[in-house]
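*Asks:* Please model the entire structure based on the sequences and the hints provided.
Numbering-wise (the working numbering), the sequence shown opens with residue 454 and increments by one.
No lab work stands behind these hints: they were computed from the structure. You may find that some hints are simply not true.
[Claimed, not checked] Only pairs whose alpha carbons sit at most 20 Å apart, straight line, appear in this in silico SDA-like list of lysine to any residue:
id: 1; residue 1: K550; residue 2: K471
id: 2; residue 1: K550; residue 2: L526
id: 3; residue 1: K477; residue 2: E460
id: 4; residue 1: K534; residue 2: K483
id: 5; residue 1: K543; residue 2: K483
id: 6; residue 1: K471; residue 2: P455
id: 7; residue 1: K531; residue 2: A495
id: 8; residue 1: K492; residue 2: I548
id: 9; residue 1: K518; residue 2: C544
id: 10; residue 1: K547; residue 2: D462
id: 11; residue 1: K547; residue 2: L528
id: 12; residue 1: K550; residue 2: D530
id: 13; residue 1: K477; residue 2: F454
id: 14; residue 1: K518; residue 2: V545
id: 15; residue 1: K483; residue 2: N493
id: 16; residue 1: K507; residue 2: K543
id: 17; residue 1: K534; residue 2: A523
id: 18; residue 1: K534; residue 2: K550
id: 19; residue 1: K534; residue 2: K515
id: 20; residue 1: K531; residue 2: I499
id: 21; residue 1: K550; residue 2: K518
[Said to hold, decoys possible] Here are the computed distance ranges between Cβ atoms for each label pair:
id: 22; residue 1: K459; residue 2: A495; range: 39 to 49 Å
id: 23; residue 1: D462; residue 2: L528; range: 18 to 28 Å
id: 24; residue 1: N517; residue 2: K471; range: 44 to 54 Å
id: 25; residue 1: E524; residue 2: E489; range: 20 to 30 Å
Values in this document were obtained by computation on a predicted structure and should not be read as measured data. Here a beta-carbon is modelled for each residue, glycine too, at the ideal position from N, C-alpha and C.
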Amino acid sequence: FPYPAKELDFNANISNKKADEFYKRHKVEKTEAAFELQKNVAGKTIMTTRHCLKYQFGLCPKINKNANVAEPLYLVDKNNKYRLDFDCNKCVMKIVK
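*Replies:* Quick look at the structure:
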């Protein structure tokens, strides 16, 4: 049976040759290696969550019509900087490397 999608990105978590062969056998034309196997992950969404920091800090435009925050927002640790993307219509926050 053919797989419903013709292309799979890193979210399919294809982390070995057998997984890649499975999808190719089921007519997937293009596959991307799992996130952990990639050398360059810049610009990739590493997490999508319903826990929204705008909401947490009272800056949600759905709740606080007067909320005004300069974007983009970032999470920063010792070695990394992660951009926060907000999809307020779906009420989700994405963390992007």
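*Asks:* Hint by hint, work out which the structure violates, then give me just those numbers in ascending order.
*Replies:* Hints 1, 4, 5, 19, 21 and 22 are the ones this structure does not satisfy, whereas the remaining hints hold.
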